[in-house]
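Engineer: Listed below are the residues making up each chain.
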Amino acid sequence: MAALLELHSITKAFAGVQALGGVSFELLAGEVHALIGENGAGKSTLIKTITGAHLPDSGEMRFAGHPITHNTPSNARALGIAAIYQQPALFPDLTVAENIALGLETGSAWRRIRWAQRRRRARELLDRVGAEISADTFVRQLTMPQQQLVEIARALGASAKVLIMDEPTASLSDRETEHLFRVIKELRSQDVGIIYISHRLEELFQIADRVTILRDGKWVATHAITEVTRPDLIRLMVGRELAAVFPKITVDLGDVVLETRQLSCTRGGISNIDLSIRAGEIVGLAGLVGAGRTELARTLFGLTPADTGEILLRNQPVKIKNPARAAALGIAYVPEDRRRHGVILDMPVSANITLTILRQIASGGWIRFGRERSTAASFVERLSIKTASLASPVATLSGGNQQKVALARWLAAEPSVLILDEPTQGVDVGAKSEIHRLMGELARRGLAILMISSELPEILGMSDRIHVMRGGKITGLLHRDEATQEKILDLALGHHTQETLAS
Amino acid sequence: MTTLDLPPGNRLKRLSVLLNPQTFLAALIVAQLILFSATGTNVLTVDNAFETVRLSIEVGLLALALTPVIITAGIDLSVGSLLSLCAVLFGKMLRDAHFPLWAAIIGTLSVGTIAGLLNALLITRLRIPPLIVTLGTYSLFRGISEGITHGADNFTKFPASFISLGQGYFFNVIPNQLPLFLIIAAAFWLTLHRTTFGRALFAIGFSPEGARYAGIRVERRVSLVYVLSGLIASIAAMIYVARVGQAKADAGTGYELMAITAVVLGGTSIFGGRGSIHGTLLGLLAIAVLQRGLRLSDLPGELALILSGVLLLAAIGGNQLLSRFSTRRRPAMTAAP
Amino acid sequence: MIHRYKRELSVAAAYILLLIVLAFAAPAFYKDQLRAILVSNAYVLVAAVGMTLVILCRQIDISIGSQLSICAIVAALLTRSGVPVPLVAIITILAGTLMGSINGYLIGWLGMPSIVVTLATMTIFGGSLSWIRQGASVNDLTGFQWFGLGQSAGQWAIVLLALLVFFLFAWALRNLAAGRAVYAVGSDQEAARLAGIRPRRVTFAVFATMGALTAIAALLTAVQMPQVDSDTGKGLELKVIAAVVVGGVAISGGRGTLFGTIIGVLFLGTVGPALAFLGQPTYWEKAIQGAVILLAVATDALRGKE
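Same order as they appear, the protein sequences are chains A, B and C. The opening residue of the first sequence carries number 1 in this note's numbering; numbering runs sequentially from there. The opening residue of the second sequence carries number 504 in this note's numbering; numbering runs sequentially from there. The opening residue of the third sequence carries number 841 in this note's numbering; numbering runs sequentially from there.
Treat the hints as calculated values from the structure; they're not laboratory data. Cβ coordinates follow ideal geometry from the N, Cα and C atoms, glycine included. Honestly, I wouldn't trust all of these hints.
To be verified - Distance windows between CB atoms, simulated:
| no. | chain 1 | residue 1 | chain 2 | residue 2 | range |
| --- | --- | --- | --- | --- | --- |
| 1 | B | G804 | C | G1036 | 31 to 39 Å |
| 2 | C | L917 | A | Q141 | 48 to 56 Å |
| 3 | B | R628 | A | P231 | 50 to 58 Å |
| 4 | A | Q117 | C | G1144 | 27 to 35 Å |
| 5 | A | G130 | C | A865 | 51 to 59 Å |
| 6 | C | G951 | A | L55 | 23 to 31 Å |
| 7 | A | R359 | C | A865 | 55 to 63 Å |
| 8 | A | A328 | B | L693 | 25 to 33 Å |
Said to hold, decoys possible - A short, non-exhaustive set of chain C residues, derived as facing chain A with CB atoms under 10 Å:
| no. | residue |
| --- | --- |
| 9 | A1018 |
| 10 | D1028 |
| 11 | A1031 |
| 12 | I1037 |
| 13 | P1039 |
| 14 | R1041 |
| 15 | A1090 |
All chains should be modelled from the sequences, with the hints used to inform the complete structure.
Structural biologist: Rendered as structure tokens:
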């Protein structure tokens, strides 16, 4: 069978960070080709290259034998490449029928909308994916999995030749999953090529024909699914080289600073979280994207306050209703989305660093500009933040330096608990090791650090203990000396009973 | 790397100083003065300067109050209506309820504060967009004012001591309300540009979420801004009454839009985060000089409206170009190794 | 089907309640006032149709009051100089479309914020009118009042024209691809672009249409008076926005229908006369309108919180 889609030695770098380093990939018509790898292995970059959202730096792409030179989203769509993401991109204020119709229908702006036909078509497509959703419902009223089914229906309607599914079953029930698989099999029989991304490895054995494993932006292996076993896949996914030597310092641990007991938050989707962090300790929080790690951090920081359970700070129960309260209690959070939450891009470096400590740089509400400057300057020096001046907007800094500003603003607040959410994501190698060194130094000074990271070597290299989360719950706790990439990934991927894992 | 960034940064800086709205406005005001002193009579006299200022104090106060509102990416359309309500209630308290002057003043200030609080609560607690909330209270406040006066009642005969606030002069030249305005303007400038509260407002304007993640109590800060806006509207109401010697329901009609024009003209971004009190003052002055200059030159006063509208478009268009320029620069600087 | 119009139905229910109360408290209200309400709100409805498009598109237009004043004066001046009524109508609508297109160009193509642009054009249009006309009214309009049809027939013509515009747009907004594009752009501009819709063009068209509808509204109100004043449209913008918001069109774009808008217009248009009829002083009308707006949006907000 001829290859439907071929990629040869695709490379792509972002701000000097290599996301794809010469990846080749082949998709046949009538094949379900699974794509797996850890977070950050390069799956989404590869997908975005195929859908035209990213232009590769080099490499070649062919569709049905014809080279694609300048891929754009609209080109890709015209070729019949459709993608369904975890976060559906639908119009919330329009009905299901209309969402499916938009993008499929073409014609003049003055053409008449055939509602009955739209509804019938939507009904048909929804039936094919087995979604029990009325075509007249507004999308904003649907749950996330329902929206996903609508997206799949829309892709079916576009009679896509290549269908990319990014974790389509992540939020589906067993019955919905089963139905989806039937749809996938039907599509396969119609010669559609499907790229299937999933962290549920056992699914792959049910649905995939072949599997390609990526690691660190590189191609690792492609196998027929019948040739491999689950442990094989895990072994292929991990084994990242430890790029940097982690400057882990042994620190004498102090008392427990932060502790949670059966902490739950419905809005954040986390339940019964028990964890503790001691002074001088770095606790790693591992898990897949969507496992509830960021949600836990947001609850601890008062952004989505807990419904039930307790948070204890130095053995005192505390209520954390908003970030201001969290900050006052000495809890700091360096968020994952640094550009939106971590810094204020349009404000100067100095104002960003001092935003959390406005009270300290002021007397009686009056900002002491000298104090502001000297505080900011001292952090710029201490974290070696590279900026043209203290007055430059943070937007003009590189990613790594922006992250250092996000860190600096909370170090300035002198917290006792520091939560770091993907502290080195999208940061160049130099800044990365600087941030790691700083973490060690902070731990030595008695800070309790909770580090969320999707990068297993980082988790293994920096943490004293590692909690693994899955589905909003903690599924395991590993000590530094017993933790391995395989064990963590196994816990994060699930399908084991709690008892066998708890150590 | 630091040195690599400098040249484009400097060039950008020099350009933005040149194109900065304040520089532009200052130049504009000077140009106007030169032009009008050629076409009009008595333009460059001390008397005229003070008279120009005296007539724009109420709008000026509203513009001061609106500057922090717009900096937080909000808007307050209700200030003109609230001015009317406060003016009418002030008259009512004095004439019908026989309040002593001091009590009427305190009463009026309280009305303004409470009205501002109403806006604040609807905006921060119910999370209704400020445009809609203040559109509703725009109607509500003016409506209550019309209801109380039956649309026709006119309060006059205010105590002479009070009227002198709006019609009297220090040393026969400086209008009495000017020092008050300057004190309030200075207070606003200091608050916005020199205090932690002001700093928080800028952060909120740029990114409310970013500010929340930095531990700032966004709702409280924003509430205070709207309360302050109500309070200032009540002060403006009393100065208005003192200047014109009467209080009717139609007081302050259209003032909100004049004030917004001055604020935006002064370089405050309607998207929040950028702006200054001195910019607003320059914006006010540019409009005031324009109006007064046209009148003294025997040119139609409507030209002032048209020209201020054109200026507003030019200011926004210029800002747009400038920001496009700087964002295009940004990736290049970020990508520096 | 019903859930689609839930918001509209709840305003309609409130309005019907008002009408029932009136039926008991003042049965004569219907005989005397109903037609007057329809006639005096016909032009508000037409402008509100345009404003609904604008707000659905996640924009705002506060220049329509000035636009309407200009259109009314243009129509009156043309009539007085002997131009036949149909031609007057066409030229007036062209004038409105032109003004709307200026807004549309600045907002749609140059990407300037609509609130500031229309604030500026409001003062420019308004200032130009009073400069040229010095506030003078236009009198001696033979054959213009009631379109030369006589009072009763003229009144019905006004109401029917307004309803014609309303139903035409209600149909088009629901059943033409162009109408759906307005919703798509207001709902998510980027997603609309990906679906092959051109947001800039849609935004421009919406403002141009707003101008045309403002001109029609100007005609419908100007013909009701023996003379046309130069401040006919004063305060119209906020009145119309209020009606649209009460009718449940979300200021954040993409949500709402024209059926909500017509009820909003009727609701706000009935409150005042009803008060007067019940022996209450009319000068509370504006206050009650304000309260109705706040109540409507506060209810929405509270419902959204659940």
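Engineer: Hint numbers the structure violates, sorted upward?
Structural biologist: 1, 13
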